[in-house]
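Visitor: Each chain, written out:
Number of protein chains: 2
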Amino acid sequence: VTVVQSVRWSPEGGAVRIIDQRRLPAEFSERDLRTVDDAVAAIRSLAVRGAPAIGIVAAMALALAARNLTGASDFRARLEADAAILRSARPTAVNLAWAVNRVLAAARDSTDASDAASRMEAEADAILAEDRDMCRRIGEFGAALLEDGMTVLTHCNTGALATAGIGTALGVIYVAHEQGKRLRVIAPETRPLLQGSRLTAWELARAGIDVTVVSDSAVASLLHSGEVDCCIVGADRITRLGDVANKIGTLSHAIVANACATPFYVAAPTSTVDGATESGGEIRIEERSPAEILVEGAPPGIHVRNPAFDVTPSGLVSAIITDRGVFYPPYDFGDAPR
Amino acid sequence: VTVVQSVRWSPEGGAVRIIDQRRLPAEFSERDLRTVDDAVAAIRSLAVRGAPAIGIVAAMALALAARNLTGASDFRARLEADAAILRSARPTAVNLAWAVNRVLAAARDSTDASDAASRMEAEADAILAEDRDMCRRIGEFGAALLEDGMTVLTHCNTGALATAGIGTALGVIYVAHEQGKRLRVIAPETRPLLQGSRLTAWELARAGIDVTVVSDSAVASLLHSGEVDCCIVGADRITRLGDVANKIGTLSHAIVANACATPFYVAAPTSTVDGATESGGEIRIEERSPAEILVEGAPPGIHVRNPAFDVTPSGLVSAIITDRGVFYPPYDFGDAPR
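Those sequence lines, one after another, are chains A and B. Residue numbers are given in our numbering: position 154 of the first sequence equals residue 154, and the series is strictly consecutive. Residue numbers are given in our numbering: position 154 of the second sequence equals residue 1154, and the series is strictly consecutive.
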């Protein structure tokens, strides 16, 4: 399949070029991020989203910042400050801090900003290339679980728009499609920001894959009717024991899939495994603005809860598809990436 | 509590006056329905919705039609035709056909349209008054299940806007509130048409009841965290064995509530029990327009499934709260209303 490139260096240099995902599918437009503040704003506003993609944007933005600090004697302190700002742009996805820490570590031995920038740019390039490779390997390991004619339920968007490559859960679907397996994909719209109906449906339709959009609320009746063969979702953070933080709604699909004896798979690069966290209860869940939920004209006094993620206990996860292979419970990822 | 009157005779006569629910909460406006076609359009477009309310509107509209047939010798055939049109306006709620059949039967012995109209108006008035009484009794039976300080999850809108009285599931909450029990209500927004965030939040806030709106997808994480004490939803049709057709998303909440050992109650008048239907698989589920789901700019070729209802098996229902008392499994409603 040919997919879009959601994150890359601007051809003119001096910027990170992203697809502005807030405007899809009505408008395909790209934006250049020139500063750490630009990158933080793009990540916070979800102009760029998806755990791997935001990590790569942050890594590239930090390398750009180093380039702009050429000649500054306090470059290291300023990079550390920028790194802290980038890491806090969104709290739940572990890839963000992982990628920022990695580019920062690449410049550990640099004695000037110019050298640091070169090393950090190379490291950001490496992260991007590795992410693309990891997507492909996740896709290949996962595609073995899919058979011709299957109906697959996903959630949110975990494709080319969320990564540097073909995606994680959608990467599995893309590789199976390349292998000639005819799949039907159910894409829940994914309220409140509609990544399913806006992004996943757009990506899959472009790639010629049969996609059906449903409200998040309709998933249970489809699973209960037996017409879904398996579920594949992505992850923003996976704990050492296999609990999975992912887009709000994932837990609901997982509980219903289990009640209906439908396999529930998670697909993610090993950089999503947070070896420092044992169980899902320790994960900080981002709470987003009530404005994403409230309707026009709502009277005062109405409360809103708007968690962006939920945590699916490992016991509900049939398997975790990674770039190192498919893991089954009880989960043990060996040497976690950090 | 003081609640709005969603359906009544227009004070000027010759029309059924409804609150146009499509405009809430941004705008409170009423509309007069003068013909059967007006009523069908209002029911189809969800200007008026809620199983009891649409039954009452259809009953009143049919009585109006009889009044307008004064002097017509073929009045009975024309009323039968109007009744068929009204019954088919929406297929899932049983109250619609039940109320239409009841006003029609009231004019069984009439030999002219004027007499038929008088009997049908009286019967429509009786249905409206009975619905108001049933709501109150449902509320009183159900309120005994709620305790001070509880957090209650509902779904869609089952309040004054959905009935002629204080509602069904919301009626239980209103009566408990009148009894001095402080409740916190979680209202899922209820995609695609947002009856939860638009209507339930508006109704409860007006009545001074603490309400929190969430995306439908966030319900599982709230249930899983243990902060919800019970769920109370309405019903559009209940089969003889206790399977419950209700707004899409109900099944998901029921499965998750059961997985979390949280009581899951259904509140409905006995007119919602369809004695002619044994199990949920026999219920025709209305499929609504893809336009309710598709986003602006969606490329061609994307499929949509948009069922308006789902069926919750009786095994997931802890109790059914009716105007005749609270029923527990295995369900036996005695002499079903038809």
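By construction, these hints were calculated from the structure, which means they are not laboratory data. None of these values were measured; they are calculated from a predicted model. Ideal Cβ positions, reconstructed from N, Cα and C, are used throughout, including at glycine. Don't take every hint at face value.
Selected chain A positions facing chain B (Cβ under 10 Å, derived; list incomplete) [to be verified]:
#, residue
1, V1
2, V3
3, Q5
4, L145
5, G149
6, Q179
7, K181
8, R182
9, A218
10, L223
11, N258
12, L294
13, N306
14, V311
15, S314
Incomplete in silico selection of chain B near chain A, CB under 8 Å [said to hold, decoys possible]:
#, residue
16, R1008
17, E1012
18, A1026
19, L1194
20, T1212
21, A1220
22, G1325
23, V1326
24, Y1328
25, P1329
26, D1332
27, G1334
Visitor: Could you tell me which of the numbered hints above are not met by this structure, giving the numbers in increasing order?
Guide: 1, 2, 3, 4, 5, 6, 7, 8, 15, 16, 17, 22, 23, 24, 25, 26, 27
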